[in-house]
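Quick mapping for you: the protein sequence lines, in order, are chains A and B. So for the first sequence, the numbering used here puts the first residue at 3; every next one is plus one. So for the second sequence, the numbering used here puts the first residue at 3; every next one is plus one.
Be aware that one or more of the hints could be misleading.
Since the list gives no way to pick one copy over another, a pair counts as held whenever it fits inside one copy or between any two copies.
[Unchecked claim] Dumping the calculated DSSO-like pairs for lysine-lysine here, alpha-carbon to alpha-carbon at most 30 Å:
{"hint": "1", "residue 1": "K125", "residue 2": "K103"}
{"hint": "2", "residue 1": "K406", "residue 2": "K206"}
{"hint": "3", "residue 1": "K57", "residue 2": "K265"}
{"hint": "4", "residue 1": "K223", "residue 2": "K206"}
{"hint": "5", "residue 1": "K125", "residue 2": "K223"}
{"hint": "6", "residue 1": "K406", "residue 2": "K251"}
{"hint": "7", "residue 1": "K415", "residue 2": "K165"}
{"hint": "8", "residue 1": "K8", "residue 2": "K125"}
{"hint": "9", "residue 1": "K406", "residue 2": "K150"}
{"hint": "10", "residue 1": "K103", "residue 2": "K251"}
{"hint": "11", "residue 1": "K111", "residue 2": "K30"}
{"hint": "12", "residue 1": "K30", "residue 2": "K223"}
Because the hints were derived from the structure by calculation, they are not lab data.
There are 2 protein chains.
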Amino acid sequence: MVTITKADGKAEYELIHLLRSRSTEVDKTVTAAVTDILEQVRLHGDAAVRDCTVKFDGHCPDCFEVPRDVINDALTEADPDFVESLLNAQANIAEFHSRQKHQSFIDAKANGVMMGQRIRGLKRVGLYVPGGTAAYPSSVLMNAVPAKIAGVEELVMVTPPAKNGGANPDILTAAAIAGVDRVFLVGGAQAVAALAYGTQSIPKVDKIVGPGNIFVATAKKLLYGTVDIDMIAGPSEILIMADETADPKFLAADMMSQAEHDKLASAILLTTDEAVAAATIAELGRQVEHLERREIILRSLEDFGAVILCRDNGEMVELANYLAPEHLEVMMENPMEYIGRLDNAGSVFLGRYSPEPLGDYYAGPNHVLPTSGTARFFSPLSVDSFIKKSSYIYYTEAALREAKEDIVRIANKEGLTAHANSIQVRFED
Amino acid sequence: MVTITKADGKAEYELIHLLRSRSTEVDKTVTAAVTDILEQVRLHGDAAVRDCTVKFDGHCPDCFEVPRDVINDALTEADPDFVESLLNAQANIAEFHSRQKHQSFIDAKANGVMMGQRIRGLKRVGLYVPGGTAAYPSSVLMNAVPAKIAGVEELVMVTPPAKNGGANPDILTAAAIAGVDRVFLVGGAQAVAALAYGTQSIPKVDKIVGPGNIFVATAKKLLYGTVDIDMIAGPSEILIMADETADPKFLAADMMSQAEHDKLASAILLTTDEAVAAATIAELGRQVEHLERREIILRSLEDFGAVILCRDNGEMVELANYLAPEHLEVMMENPMEYIGRLDNAGSVFLGRYSPEPLGDYYAGPNHVLPTSGTARFFSPLSVDSFIKKSSYIYYTEAALREAKEDIVRIANKEGLTAHANSIQVRFED
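In isolation and in its complexed conformation, chain A is listed as follows:
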């Protein structure tokens, strides 16, 4: 299912092409269909949302909004152990993200000049949560917790109506725990459009976050600018660096925890040890038999899995930086020594007891991460994703008089005499 390849400068080049090839081009018919849905919702509001919901989900709830007591009931009726686990995860996520919060600053000078940067949470944010098998309570926590810490005033969740006409109870439970303010039973491009434009019953938001299918992703992309959006997530990936101290059993398990997401997911092992490489491949074969999503795992490993034998640790670091993976596990003897050398990764998992699912659910850092090599320039979802900044300037007459000559000189050099005039007019006569 996976064979061993030697790193030779060509292998990694082919690999990156293979990985990038997963970013599926959006079909023109999808873009056209979504463009039409957006336009209908913009023009006709709730009526259009209702039509789309009946068309795509087969039925439409009488009222889109889920009443507060239904959300509360989901929490009180949920399995207490599950609630406890989510509460523990939430506490860790909240603790980590609260360290990301920045303060507004002011620079007040002795001459009376004052300047600053004000930081505030966005007023209203929309959170898309898919339905069906991709309805993940962990995703609700990872999006909602940082938003609330950032100071978002109103967090609005949308999720497609389940077959029974209601919402997925696990999702509602997570929403109650994470402090989601309002929940609407609507999904697809029509839900994204409703959040961006506002309708009679669904409020207009400033930013839309959360994963979704190709219709949801296309709608977000098309509405970028009307509202802000988070990253457009590509297929998931894990890269593992392993030396001879790594346990093949752990390596295989971690590769498959990524591979099970999606047949486009990618799991790549870099190792300097041929025996570790061979044993990991054997473990993949052994462990996969017990896993529910066996077929997805096998397909993903076949198409986008790899085991690459590297000359030395330096070559592994170089390859990791080159591939810029979403998740990077460092299964090496002294994992901490690598932190400062790993330039491009969404999240780094250090040592034998830090498997990637620990980060997906529990440890605290966000699981919404840049994919497809974009960790070169994009960052994990964070409190910063839910704030806006403004700058403030106050000058005194004396301070402006002192600055006058410089400003007028630069303005004139740029040919912008009305800019110069706005300074000069203040010191005429």
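We have chain A; now place chain B onto it with these hints.
Below, chain B without anything else, positioned relative to chain A:
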């Protein structure tokens, strides 16, 4: 040229439609032409860049890169007063932006668990600087200074060749002052493509910033994801809130400092005082006569200027928050009292001696600001625009053992048994 309108709940609604109507739709032929240029540069590198440069600029330099000594010469040969003014501006910009810099953090727990967020400057950033009359040295400072403070390793500037085949000397002077590392004489969509893909002579970057014409803006938009980009800037705008203490001479001058940018620029005055409104309109007529860009100003005021009479200060605040302007001047008796009430603005200018051009050139805060109402969710360009974050997780065996049950429970609830397996496999035997 501008008439007085009373705020009545309808006026502001019409106003926002008028403002939004300025966001010109990108012609399909532009998108097609730019898509073709990007593809040519991706496939053929320098040769395609050269072909495009000859085609669009009429001639192409033998070597794209401007030698270091030519950049240094521009600085030493420039008017010393102009250099002094730029240095003063740079010092203020650097002082303000250095306050925006955030540190990496680590959360090391007593049980041996360690988690953190690492912050680093992007490795390589491309800065687009237009040629011709829109070649603004101030724009070089406002983009380059925060990038260098963020820790960007290499800052690469591209700018179209001037008619004499060289670079605009003011731009080179600003580049030398701001610490730009390399300068290439290439412009248009081909310059953006070269930065995104890399060519034989132009290095591939992680992010592209800076203003440009419709071809440059379209290229950036299409390449978003291949690289990161800054905001796509719309036409500029200023909103002024003025009470009876405001000086109509200042108000008119400041409106025109914005109006001169572009015939799509917008300058709007909100005031509670009818006499101030009338006197400002008279001042507009008087002052415009002396200004070089008179025709642009008159056209912009005619199409997108407005003087709106408000009932009280509260109505002005409400309208300002509704319109979310790029620049907001508070020409009121106690301007500081409004800071906490102004929710949406790129940059706020407080009091009589803080005209908008002070912020364009000199005070310190960035002049690259969200336009067209996007201050609702976008922020000014800042040090944060040039960094990337990664998270790090290290767990001990004991800590993972303690977390095991929660993680497995959530994973199984989500139907992701390979996620659960990656935890369980570590505690088998």
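query: Between K415 and K165, at a C-alpha cutoff of 30 Å, which is it: within one copy, between copies, both, or neither?
result: between (66 Å within a copy, 19 Å between copies)
task: With 30 Å as the alpha-carbon cut-off, assign the pair K125 and K223 to within, between, both or neither.
output: For K125 and K223, both the intra-copy (21 Å) and inter-copy (26 Å) Cα distances are at most 30 Å.
task: First find the shortest C-alpha distance between K57 and K265 inside one copy, then the shortest across copies, and answer within, between, both or neither for a cut-off of 30 Å.
output: Within. Shortest intra-copy distance 28 Å satisfies the 30 Å Cα cut-off; inter-copy 45 Å does not.
query: Checking K30 and K223: alpha-carbon separation at most 30 Å within a copy, between copies, both or neither?
result: both (14 Å within a copy, 18 Å between copies)
- prompt: Can you tell me if K125 and K103 fall within 30 Å by alpha carbon in one copy, between copies, both or neither?
  reply: both (16 Å within a copy, 25 Å between copies)
query: 30 Å Cα cut-off: does K406 pair with K150 within a copy, between copies, both or neither?
result: between (44 Å within a copy, 27 Å between copies)
query: For the identical chains here, do K8 and K125 meet the 30 Å Cα criterion within one copy, between copies, both, or neither?
result: Close across copies (28 Å), not inside one copy (52 Å); limit 30 Å.
- request: Please work out whether the CA atoms of K103 and K251 approach to 30 Å or closer within one copy, between two copies, in both situations, or in neither?
  value: The answer is neither: 39 Å in one copy and 42 Å across copies each exceed 30 Å.
30 Å Cα threshold - placement of K251 relative to K406: between (70 Å within a copy, 17 Å between copies)
message: At most 30 Å between CA atoms: does that hold for K223 and K206 within a copy, between copies, both, or neither?
response: Result: close both inside a copy and across copies, 17 Å intra and 25 Å inter.
query: Quick one: K111 to K30, C-alpha cut-off 30 Å, is that within a copy, between copies, both, or neither?
result: neither (56 Å within a copy, 51 Å between copies)
task: State whether the alpha carbon distance between K406 and K206 is at most 30 Å within one copy, between copies, both, or neither.
output: neither (43 Å within a copy, 40 Å between copies)
Checked against the numbered hints listed earlier, the structure breaks hints 2, 10 and 11; every other hint is satisfied.
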